[in-house]
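Novice: Going down the list, the protein sequences come from chains E and Y. Residues in the first sequence are numbered consecutively from 10, following this note's numbering. Residues in the second sequence are numbered consecutively from -14, following this note's numbering.
Calculated directly from the structure, the hints in this document are not laboratory data. Here the structure is a predicted model, which means the values were calculated and not measured. Just so you know, even glycine gets a beta-carbon here, dropped at the ideal spot from N, CA and C. Check before you lean on any hint, since a few could be wrong.
[As the list claims (entries may be wrong)] Only pairs whose alpha carbons sit at most 20 Å apart, straight line, appear in this in silico SDA-like list of lysine to any residue:
#1 Y/Lys50 x E/Thr91
#2 Y/Lys50 x E/Leu95
#3 Y/Lys173 x E/Phe186
#4 E/Lys76 x Y/Leu69
#5 Y/Lys173 x E/Met189
#6 E/Lys107 x Y/Ser68
#7 Y/Lys110 x E/Gln98
#8 E/Lys76 x Y/Val73
#9 E/Lys76 x Y/Met75
#10 E/Lys76 x Y/Ser68
#11 Y/Lys18 x E/Arg30
#12 Y/Lys110 x E/Met97
#13 E/Lys76 x Y/Glu74
#14 Y/Lys173 x E/Phe188
#15 E/Lys76 x Y/Ala67
#16 E/Lys107 x Y/Glu111
#17 Y/Lys110 x E/Met106
#18 Y/Lys50 x E/Arg30
#19 Y/Lys110 x E/Lys76
#20 Y/Lys173 x E/Met106
[Said to hold, decoys possible] Per the computed footprint, the stretches of chain E lying under chain Y, defined by three or more beta-carbons under 8 Å from a beta-carbon of chain Y, are:
#21 109 to 123
#22 153 to 162
#23 185 to 195
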Amino acid sequence: MAKSIAHEFTKGLWEEIPPFRLVLGLCPTLAVTKTVENGIGMGVATTFVLVFSNILVSALRKLIPSKVRIACFIIIIATFVTVVELLMQAYAYKLFMKLGIFIPLIVVNCIVLGRAEAFASKNGIVASTADGLGIGIGFTLSLSALGTVREILGSGSLTIWGDLAFHNILGASFQPFSFMVQAPGAFICLGLMLCLMNLVGSK
Amino acid sequence: MTDLIVLAISCILINNILLAQYLGNCPFLGTSKKMETAVGMAMAVVFVLVLAGVITWIVDTFILKRWGLEYLRTIAFILVIASLVQFVEMFLKKSIPALYAGLGIFLPLITTNCAVMGVCLINIKEEYNFIQALVASFAYAAGFGLALILFAGVRERILLARVPRPLQDTSIGLITAGILSLVFFAFKGMV
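Working from the sequences, and respecting the hints, build out all of it.
Specialist: Right, dumping it as structure tokens:
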């Protein structure tokens, strides 16, 4: 039992890491990874929603009639997204302003609904918690990785959290490749990272 | 009137919902492998997005703002969109079966299309009035359709090309989308 719980957790970190293996939730992935800080913030917010919605969906799975389950899941998810929104307004207002409409849009992030439907509605509370935590941390890692590449190439600096930042990593004479922090860079960078994952994983 | 035309052009081309605002990318990659499904999805989105944009604007202005319930916006909007999609589905099934058959499975999928929710939130954030919200919703939806159909055309051609194995499918799709997004960059500064 303990082994399978550990597996539910670790599968989110490599085997089913979103958005590379599980091609879901692309919108926040592309939109917020201009800097590492935004990526981490978005990842943590999504993880919070994922874990708590998984717990509640799993706890209520025998009570929810299967015909209206999607509507019930969405209401549960929307509730936790509102909680995150209010918490961020209170404690991380700057980050909340930077992420903008992408915080309320966690409601329609397919990863969250996908895990509720595919996993939490069929499994127990402990396994669902492990699953939500694993997928959430995997998502955070992916966002930070993409954010690192885009921020270093796009602006030459690296902002980890607030004032904790490194400037001119590639030397003072580096000309920022501003294409990377804009929309086309996001698509191309994610495409190339996916290619890299396929290359490593296919062996 | 000119203001509205400018708003429409900027929503369709310059701030294209898919390629510049990064919204609605899951259906963008998911339904663009075939031209037919892309056209179906584009039509379904235009239909639902215009209705959703108008109704959420009304709900926000006359219910949420009047009673100071703005913190319930996320829940209220998703409920409006989900029930709207369900309602449209039932209505089309009864009265316009041909269109219902055409839209098929794309209708229920729209509930979790973040372009719909995103546009509703943008309408509120930009403090548009009713007419502006209506025009913006339609223009964003048209932009979504335009980008999706263009992309589907490109993707059908890619199927004929020999792509290196690790780059296949989603990976090459994303890179193509990046190039398409670069094309849309050229519209910047038009308005």
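Novice: Hints first: check each against the structure and report whether it holds.
Specialist: Hint check:
Annotation: proposed proximity of Y/Lys50 to E/Thr91 holds, straight-line Cα distance about 17 Å (limit 20 Å). For the given pair, Y/Lys50 sits about 17 Å from E/Leu95 by alpha-carbon distance, which is consistent with the 20 Å threshold. A C-alpha spacing of about 18 Å is found between Y/Lys173 and E/Phe186, which places the hinted pair at or below 20 Å, so the restraint holds. Restraint check: the Cα-Cα separation between E/Lys76 and Y/Leu69 comes to about 17 Å, which is no more than 20 Å; the hinted pair holds.
Between Y/Lys173 and E/Met189 the alpha-carbon distance is near 17 Å, which keeps this suggested pair within the 20 Å criterion. Only pairs whose Cα atoms come within 20 Å are accepted, and E/Lys107 paired with Y/Ser68 is rejected, the gap being roughly 30 Å. Distance check on the hinted pair: Y/Lys110 and E/Gln98 sit about 16 Å apart at the alpha-carbon level, within 20 Å; holds. Straight-line distance between C-alpha atoms of E/Lys76 and Y/Val73 comes to about 18 Å, which keeps the hinted pair within the 20 Å bound.
Our distance criterion of 20 Å between C-alpha atoms is met by E/Lys76 and Y/Met75, whose separation comes to about 15 Å. In summary, the hint linking E/Lys76 to Y/Ser68 is supported, as the alpha carbons are separated by about 14 Å, within the 20 Å threshold. The hinted pair formed by Y/Lys18 and E/Arg30 meets the criterion: a straight-line CA distance of about 19 Å does not exceed 20 Å. For the suggested pair Y/Lys110 and E/Met97, the alpha carbons sit about 18 Å apart, so the restraint of at most 20 Å is met.
Annotation: proposed proximity of E/Lys76 to Y/Glu74 holds, straight-line Cα distance about 16 Å (limit 20 Å). Distance hint between Y/Lys173 and E/Phe188 is fulfilled; the C-alpha atoms sit about 14 Å from each other, no more than 20 Å. Only pairs whose Cα atoms come within 20 Å are accepted, and E/Lys76 paired with Y/Ala67 is accepted, the gap being roughly 14 Å. Between the alpha carbons of E/Lys107 and Y/Glu111 the distance comes to roughly 16 Å, so the proposed pair stays at or under 20 Å and holds.
At roughly 12 Å between alpha-carbon atoms, Y/Lys110 and E/Met106 fall within 20 Å of each other, so this suggested pair holds. In summary, the hint linking Y/Lys50 to E/Arg30 is not supported, as the alpha carbons are separated by about 42 Å, beyond the 20 Å threshold. A hinted pair counts as satisfied when its Cα atoms are at most 20 Å apart, and Y/Lys110 with E/Lys76 does not qualify at roughly 34 Å. Annotation: proposed proximity of Y/Lys173 to E/Met106 is violated, straight-line Cα distance about 24 Å (limit 20 Å).
Only residues whose C-beta sits within less than 8 Å of a C-beta in chain Y count toward coverage, and the region 109 to 123 of chain E has 9 of them, enough to reach three; the restraint holds. A stretch counts as covered by a chain when three or more of its residues have a beta carbon under 8 Å from one of that chain; for the region 153 to 162 of chain E and chain Y the count is 0, and the coverage is violated. With 5 residues carrying a beta carbon less than 8 Å from a beta carbon of chain Y, the region 185 to 195 of chain E meets the three-residue requirement, and the given coverage holds.
Of the hints listed earlier, those the structure fails to meet are numbers 6, 18, 19, 20 and 22, in rising order.
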